Amino acid sequence: MHLLIITQLISGLTSGVLLTLIAIGIALTFGLLKVVNLSHASIYTLGAYIGFTTFKVCGNFWIALVLGAVIAGVVGVIFERFCIRKVYEYPVLGFLITFALMLGLTQTIRLIWGPGNKLAPQPAYLMKVIYLGFVPISSYRLFAILVGIVIMVGMWFFIRKTNIGLIVRASLDNKDMVNAFGINSSLIFTFVFGLGSAIAGICGVLGSPIFGLYPDVGGQMLVICFVVVVMGGLGSIRGAMLAGPILGVVISFTALISAGFSNAVIFILMAVILLTKPMGFFGDKL
Amino acid sequence: MEERLFRKQPRIQFLIGYVLLAFIFLGLPFLTSYDVLVEDIIVWSLFAIGYNLAFGFTGMVSLGHGVFFGVSAFAAGILSLFWHRNIMMIPIGIATGTATAFIVGYVSLKRARVDVHKALRIAYLVLISIAASYVTMYIFLNPLAKYSGAEMGLLGFVDQPLHVMGSLQVNLKSHDQIFLIVGGVALLMTAWLHRIASSPAGMIMRAIRENEVRVGFLGYNTFRFKLLVYTISGFVASVAGCLYLLRSGFISVDVFDFNFTSELVVICLLGGRNAFFGPMAGAAIFLILKDVISSYTASWALFLAVVLILSVLYLPGGVGPMLFSIPRVLMGAWRKKRFSTGETTSSE
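Protein chains in written order, with this note's numbering: chain P, 1 to 286; chain L, 1 to 348.
The shape of chain P in the complex, shown without the other chains (with noise of 0.2 Å):
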């Protein structure tokens, strides 16, 4: 019974550390631009399934890391560049946008790599089976959380200790100063905005050994995101940061009864937050 629970939980902080770094990307793009981005869930497919095809040319985990967040990142800023950027500020059509964005990608992935189920790319040097005690934890689901914790820091790094950094955060505040002070900041936004989709791409191929492989995956993924985002306030990447693994451990122990049940708890626990606090844990910026 222990046994199980620390499984559970693990493999709960593994989702809930991938699910955090999406949710990041979304985070990021509602705070600086006001816009609902659902494509993103689509990025992360693409990312996936890039990364898939590559370990299957080459063979190697890092170029298939590396390549599925070159490519989602590309992706991401042309989505920024001819769609997005035309609708800031009008959320109703900046929801529409990125919808219709998110259903013209994912079906062209389903046009290029089939509707059905992949086995996702998992190296074999990953593979075996590691004994913290006497639990056993598979050696991916640890990579993929050390992973995650270093992109995070990273973005901590990134975001309080650069310049561009500075950038950001001054946006999310004033976008209006910001341009005041002749910074050029749809050039910043369009690089958050790439950035966002390039960890959501890298985390396509850590998570998809975890989460399978079909092209509707970001979708389900997506709305677990929203409520990640919903509950650490929108707009606030500490906040995604804390709700993330939070919510990976709920969904991996209620998982236990059935997904259908998951998925009802964490809604109706986000509705329960956002009735008591609007504006989730971090959220009193905006």
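Bear in mind the hints are in silico, worked out from the structure with no lab data behind them.
Since we're looking at a predicted model, the values are computed, not measured.
Glycine included, C-beta positions come from ideal geometry on N, C-alpha and C.
Mixed in with the good hints, there may be bad ones.
One-sided and incomplete, this derived list gives chain P residues near chain L with beta-carbon spacing under 8 Å [claimed, not checked]:
id, residue
1, Lys34
2, Thr53
3, Lys86
4, Val87
5, Val92
6, Leu93
7, Gly104
8, Gln220
9, Phe226
10, Ser252
11, Thr254
12, Ala255
13, Leu256
14, Phe267
15, Leu274
16, Leu275
Computed, partial: chain L to chain P, Cβ under 10 Å [to be verified]:
id, residue
17, Ser108
18, Arg111
19, Tyr138
20, Leu302
21, Arg335
Given chain P, work out where chain L should sit, using these hints.
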């Protein structure tokens, strides 16, 4: 986009429009062999017009209307299959759907007050309606699986007639009766919604869409008003759900998926969300396109995405107003021509 709120509609145009509508709703299904498509368009245009009251007029994006549609259809279907085969089960189903709409609307609008950023308010509505879609899907797939038929959907609704009173009964397999019921109810509901939309209440809806804070300053309780509109549109969705059940005799849990409702958003946007009858044109275009394109290729979604992106970027008003202005343009051209020919004859 532009709306002249105080323009008096000429009574003759109004009459012609409604006669045309009555012909489409009540006569057309009998005359064509595409009766399934026409009935679909009728149900969907009622659904879309009700949805547009919340989406286009008041500016509330909800992905939960499939839930109300499904809950009312399932409630009516399950009650009439397992309890009592009476036509009264349909009003009960509609009431259940409307109550669901009230609860979902209350939860999602209660905290989204005017001091919250507009984007956040929309996000609340969207997310809580997605939450509602997952919760109802779970309820109908797990605890109620015995009644709802789980993934199979509700089967066997059409097998026996529905009793009305005494020996009077509705035969669900008879096309004539169903066409008349669906067309008549849809026509009445459309007229009622048109009345609402052109009343002062309809004007406040549009005012809330434009600037909710100022409407609050005028002394209106915007929360209660939005909840009212949301519940009305949920009621229309419930009616549409029951009509759909009557028409097809089948309902499955797919309607709870928020992708189902997103088609509704596309219809409203395509038809024009600022015009009352826009969604009706949108529903016709959308369903006909879907019918045609699905018969050629499987990637209907890709096509849908392209249409949606192009219409958001280049045609935010939708094609509905354009379509409705064709008679006016033709009239204008005809008058001009008559005028100019008159002039030439006089000069001769």
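Cross-check of the supplied hints:
The interface hint given for P/Lys34 is met, as the beta carbon of that residue sits about 4 Å from the closest beta carbon of chain L, less than 8 Å. At about 20 Å, the closest approach between the beta carbon of P/Thr53 and any beta carbon in chain L exceeds 8 Å, and the interface hint on this residue is violated. A hinted interface residue such as P/Lys86 counts as satisfied when its beta carbon comes closer than 8 Å to some beta carbon of chain L; here the least separation is about 6 Å, so the hint holds. Of the supplied interface hints, the one on P/Val87 holds, with its beta-carbon coming within about 7 Å of a beta-carbon of chain L, less than 8 Å.
Because the beta carbon of P/Val92 sits about 6 Å from the nearest beta carbon in chain L, less than 8 Å, this interface hint is met. Interface hint at P/Leu93: satisfied, since its Cβ lies 5 Å from the closest Cβ of chain L, which is below the 8 Å cut-off. A cut of 8 Å between beta carbons decides the hint on P/Gly104: the least distance to chain L is about 3 Å, and the hint holds. A hinted interface residue such as P/Gln220 counts as satisfied when its beta carbon comes closer than 8 Å to some beta carbon of chain L; here the least separation is about 11 Å, so the hint is violated.
Proximity of P/Phe226 to chain L holds as hinted, the smallest CB-CB distance being about 6 Å (cut-off 8 Å). Among the interface hints, the one on P/Ser252 is violated; its C-beta lies about 17 Å from the nearest C-beta in chain L, farther than the 8 Å criterion. Taking 8 Å as the C-beta cut-off, the interface hint given for P/Thr254 is violated, the closest approach to chain L being about 11 Å. Checking P/Ala255 against chain L: minimum C-beta separation of about 13 Å lies over 8 Å; hint violated.
Taking 8 Å as the C-beta contact cut-off toward chain L, the hint placing P/Leu256 at the interface is violated, the least distance being around 14 Å. At a threshold of 8 Å, the smallest CB-CB gap from P/Phe267 to chain L is about 3 Å, leaving the interface hint in force. At a threshold of 8 Å, the smallest CB-CB gap from P/Leu274 to chain L is about 6 Å, leaving the interface hint in force. A distance limit of 8 Å between C-beta atoms decides the matter here; for P/Leu275 the minimum to chain L is near 6 Å, and the interface restraint holds.
The beta carbon of L/Ser108 is positioned within 10 Å of a beta carbon in chain P (closest approach about 8 Å), and the interface hint is therefore held. With its C-beta approaching chain P no nearer than about 4 Å, L/Arg111 sits inside the 10 Å limit, and its interface hint holds. For L/Tyr138, the shortest C-beta to C-beta distance to chain P is roughly 4 Å, which falls under 10 Å, so the interface hint holds. Residue-level restraint check for L/Leu302 holds (minimum Cβ-Cβ distance to chain P is 4 Å; threshold 10 Å).
Given hint, L/Arg335 at the interface with chain P, is violated; its Cβ is 37 Å from that chain's nearest Cβ, farther than 10 Å.
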